[in-house]
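There are 2 protein chains.
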Amino acid sequence: MSARLAVVLLSGGLDSATVLALAVASGYRCHALSVRYGQRHYAELEAAKKIAAALGAVEHRIMSVDLAGIGGSALTDPALAIPEAPTAGIPITYVPARNTLFLALALGWAEVLGSEDIFVGVNAVDYSGYPDCRPEFIESFERLARLATKAGVGGAALTIHAPLVRMSKADIIKTGLRLGVDFASTISCYQADFAGRACGKCDSCRLRSAGFLDAGVPDPTRYA
Amino acid sequence: MSARLAVVLLSGGLDSATVLALAVASGYRCHALSVRYGQRHYAELEAAKKIAAALGAVEHRIMSVDLAGIGGSALTDPALAIPEAPTAGIPITYVPARNTLFLALALGWAEVLGSEDIFVGVNAVDYSGYPDCRPEFIESFERLARLATKAGVGGAALTIHAPLVRMSKADIIKTGLRLGVDFASTISCYQADFAGRACGKCDSCRLRSAGFLDAGVPDPTRYA
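From first to last, the protein sequence lines are chains A and B. Counted from 1, the first sequence has number 163 at position 164 by numbering that gives the first Met the number 0; the numbering is strictly sequential. Counted from 1, the second sequence has number 178 at position 179 by numbering that gives the first Met the number 0; the numbering is strictly sequential.
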């Protein structure tokens with residue numbers, strides 16, 4: 000039996016690297032997809048390229064979409080500062096409709112490849128409170144995806160896999176380590192510098208470093 | 000009371016121009032959104048710009064996304080020919096996940112604008128059999144959209160308006176004429192030339208010209 004194909008959304012961060020490792024370990028031939036969306040933490044795309052190769056993705060593509068044109072997020076608008084302390088509510092780093100858009104790109108590519116499996120590293124436990132990281136969002140997108148495609152006319156078997164959705168950051172780290180993910184090459188920081196060094200202060204850095212602490216393993220992150 | 004804001008997806012074709020006219024007539028302040036997605040019928044973006052201005056959109060933006068990188072459609076892949084006679088099944092002009100992606104962009108912009116209304120010109124009667132033009136697709140996207148946004152955390156009132164979804168092409172034309180749409184400036188052709196002249200042979204041209212015939216009004220389309 001030939002391996003099933005999967006499209007894996009790969010940001011270059013800790014979570015999506017672990018998801019790719021999980022998908023590869025499950026026997027999928029993985030087509031990794033990163034998105035250039037005007038993010039200021041651009042170094043993550045370089046990280047994604049290395050991770051895709053290291054974990055054995057059969058292909059890695061970077062697609063472009065100009066979310067910066069929409070604005071409204073500190074991740075795409077240089078005029079908005081990245082918070083370096085906890086904030087109440089949904090933070091300014093939230094990018095409107097980002098996961099809807101990324102999943103739509105993954106869906107289009109999956110349809111062209113003939114893949115019925117999309118993997119995404121969303122997480123609703125140690126996360127930043129983004130609405131499009133919740134399990135009910137993923138379930139709703141899966142229902143949409145089954146209607147949205149050619150195969151959907153006859154009732155598609157398309158599945159959106161979000162294996163991390165109910166895991167803690169520490170559990171994600173332990174899972175990744177078990178599968179050989181080199182977390183030193185992943186970048187989670189919202190404002191990593193051109194060399195890929197993390198700020199250590201933003202929401203994403205704080206969640207990540209707390210995760211390594213909770214997991215009881217050394218934090219290999221390169222801090223600026 | 001101030002007017003409600005709406006995001007209106009505007010391709011530059013006959014259907015979306017009519018939708019914009021309907022939204023304006025309903026009292027919305029309309030932000031028109033066109034997408035540059037690697038389509039070969041590029042003249043439609045120029046048409047969209049004129050239509051947005053003529054119908055009184057308060058703003059018109061063109062966002063870019065590289066669907067050509069996904070391939071699989073004659074609309075984005077120059078190596079695939081546009082069919083010039085009816086074909087069985089879902090035609091090669093179908094662009095994988097296109098409406099999911101366009102609606103995701105509209106959703107992101109709506110969220111930034113603080114709009115709860117998105118208009119889209121999909122039509123499931125005189126159409127090309129695309130899965131993402133069906134009413135059940137639109138309803139499913141609306142459910143997704145209500146979960147996907149900041150407002151969705153508290154339960155958003157977001158509505159996806161698809162006023163043409165059950166109308167015939169002739170009825171769409173009559174509605175547009177009544178609202179002052181200048182159909183001569185719209186472009187529906189899948190392979191319009193650089194001057195915006197239609198081929199008269201593709202699926203979209205055939206549906207459009209049959210629509211004018213059924214409506215009993217002269218076809219103002221400029222054919223090559």
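Hints were generated in silico from the structure; no laboratory data involved. One should not assume that every hint holds.
[As the list claims (entries may be wrong)] Result set (DSBU-like, lysine-lysine): computed pairs, CA atoms no more than 35 Å apart in a straight line:
| no. | chain 1 | residue 1 | chain 2 | residue 2 |
| --- | --- | --- | --- | --- |
| 1 | B | 49 | A | 48 |
| 2 | A | 149 | B | 48 |
| 3 | A | 200 | A | 173 |
| 4 | A | 49 | A | 200 |
| 5 | B | 49 | B | 149 |
| 6 | A | 48 | A | 200 |
| 7 | B | 200 | A | 48 |
| 8 | B | 200 | A | 200 |
| 9 | B | 149 | A | 173 |
| 10 | A | 200 | B | 149 |
(request) Could you work out which earlier hints the structure fails to respect and list their numbers in ascending sequence? (result) 1, 7, 8
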